[in-house]
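Trainee: Chains as they are written, first to last, in my numbering: chain A, 16 to 261; chain B, 16 to 261.
Hints may contain errors.
For chains that are exact copies, the list does not tell them apart, and a pair is met inside one copy or across any two.
Unchecked claim - Result set (DSSO-like, lysine-lysine): computed pairs, CA atoms no more than 27 Å apart in a straight line:
#: 1; residue 1: Lys-201; residue 2: Lys-34
#: 2; residue 1: Lys-18; residue 2: Lys-220
#: 3; residue 1: Lys-223; residue 2: Lys-18
#: 4; residue 1: Lys-201; residue 2: Lys-88
#: 5; residue 1: Lys-240; residue 2: Lys-76
#: 6; residue 1: Lys-149; residue 2: Lys-224
#: 7; residue 1: Lys-34; residue 2: Lys-161
Note that these hints are calculated values from the structure, not bench results.
There are 2 protein chains.
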Amino acid sequence: MKKIEVCQSPELIHLYDLKGKIVVVVDILRATSTMTVALAQGIKGIIPVSTVEECKVYQEKGYLTAAERNGSKVEGFDLGNSPFGFLENDFSGNVLVMTTTNGTKAISLSSEAEEIVIGAFLNLTAVANYLKEKNKDVLIFCAGWKGHTNIEDTLFAGALIDMLSDHFMVDYDMSMIARHLYASAKGDLLGFVSDSSYCMRMETKGLKKDIAYCLQIDKFTNVPKLIEGKIKNLAAQPKNTSYKHI
Amino acid sequence: MKKIEVCQSPELIHLYDLKGKIVVVVDILRATSTMTVALAQGIKGIIPVSTVEECKVYQEKGYLTAAERNGSKVEGFDLGNSPFGFLENDFSGNVLVMTTTNGTKAISLSSEAEEIVIGAFLNLTAVANYLKEKNKDVLIFCAGWKGHTNIEDTLFAGALIDMLSDHFMVDYDMSMIARHLYASAKGDLLGFVSDSSYCMRMETKGLKKDIAYCLQIDKFTNVPKLIEGKIKNLAAQPKNTSYKHI
Chain A
16 MKKIEVCQSP
26 ELIHLYDLKG
36 KIVVVVDILR
46 ATSTMTVALA
56 QGIKGIIPVS
66 TVEECKVYQE
76 KGYLTAAERN
86 GSKVEGFDLG
96 NSPFGFLEND
106 FSGNVLVMTT
116 TNGTKAISLS
126 SEAEEIVIGA
136 FLNLTAVANY
146 LKEKNKDVLI
156 FCAGWKGHTN
166 IEDTLFAGAL
176 IDMLSDHFMV
186 DYDMSMIARH
196 LYASAKGDLL
206 GFVSDSSYCM
216 RMETKGLKKD
226 IAYCLQIDKF
236 TNVPKLIEGK
246 IKNLAAQPKN
256 TSYKHI
Chain B
16 MKKIEVCQSP
26 ELIHLYDLKG
36 KIVVVVDILR
46 ATSTMTVALA
56 QGIKGIIPVS
66 TVEECKVYQE
76 KGYLTAAERN
86 GSKVEGFDLG
96 NSPFGFLEND
106 FSGNVLVMTT
116 TNGTKAISLS
126 SEAEEIVIGA
136 FLNLTAVANY
146 LKEKNKDVLI
156 FCAGWKGHTN
166 IEDTLFAGAL
176 IDMLSDHFMV
186 DYDMSMIARH
196 LYASAKGDLL
206 GFVSDSSYCM
216 RMETKGLKKD
226 IAYCLQIDKF
236 TNVPKLIEGK
246 IKNLAAQPKN
256 TSYKHI
């Protein structure tokens, strides 16, 4: 039986051997939720970059850019880190270059993995089905908040483990903690998450609508995957039995 | 209002500013539980050391020594890391030199703190009362397991936060996660912890009795504190209104 485990912070990723594993990068508020929405809405590919400076270089070459630090859009870029940027505008056909406080860092730290996919509540079942089908060891890599564990990424880890516990061996205590947390919260994710420190920070920035949006389960069925430096959709075929690159 | 927060792994301690804080070091299975028992049973002081080699040097000088690695007693030393070592033998009056896989490392990483105290379920209320009285910022520092979060230390953090939430501001999501976990587990700590990866490892080493012992709440009222390199008891005075060094 393959195993599934959780890394709750980029500061702990060195404890895990990523080779041969599928890493599911998670930054529910909001990088991986927004990536899922952007690709579902027709963005052709996302180039994740670690720094604002790299993002600027791409902008000067004419790319569509999104940059966020500390929960706010970085001035001078086309977009920040809100799913509504892609719901309220039509950017279909564009390649997006994106940098965020925690999410894009987690992606760049996953380079040794066999595959890197993007997880969110918005595509939870699609990701779970993909992992079942591939049947490889899985590491759920929570982006967290500046090295700290956060509730929303931990809840996602718990939800995904819950869906996969019959198919994978659940390893390490953090996986069990995540699963217990999700069991406590699943009746009211939004109410549960609203007490978290980050949500309180985000609400003061007027991002309550984003939080509510990103906690919805299965609005989309796309599975974003990093392919040669770009995050692209894998398309589910009928009955979710296999996947191909779009 | 002073604040209380949780660091769940020695690998994350650099994220916290320890200055001016009371750090409560926790390694439920078993270092801080055993330290609490040892001091309650008359050990005069405990010198925590990071390496087996340092422990050996003290042994050659005639000290009573305890050394554990990976859940087992290190051959050649007087004791391992079991509370029963101090319950079934009388070592009162001795100074103990101790090294363990995770617990003593967490103590040595806390050196910048204003105070370092030792927490366990066995002295939970005594530690909570001490923290209330001192009224300083508190960091609960979970020793974890080789860098990973573990369930039993997280549960202790949750229990302590639960007792102190009217007196302290609870900071960061991990504190909330710990508190939720404790709420799920408190009716049956042993049953809850028995599924954890470490417990399963320990049970194969015949340490089930130790696990059950270390999950008992308030068997003792001593508060061990690091004073000039030695962990010693603080004695509670009547009504728990103030503390003095024994």
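Trainee: Just pull the numbers of the violated hints for me, sorted ascending.
Mentor: 1, 4 and 6
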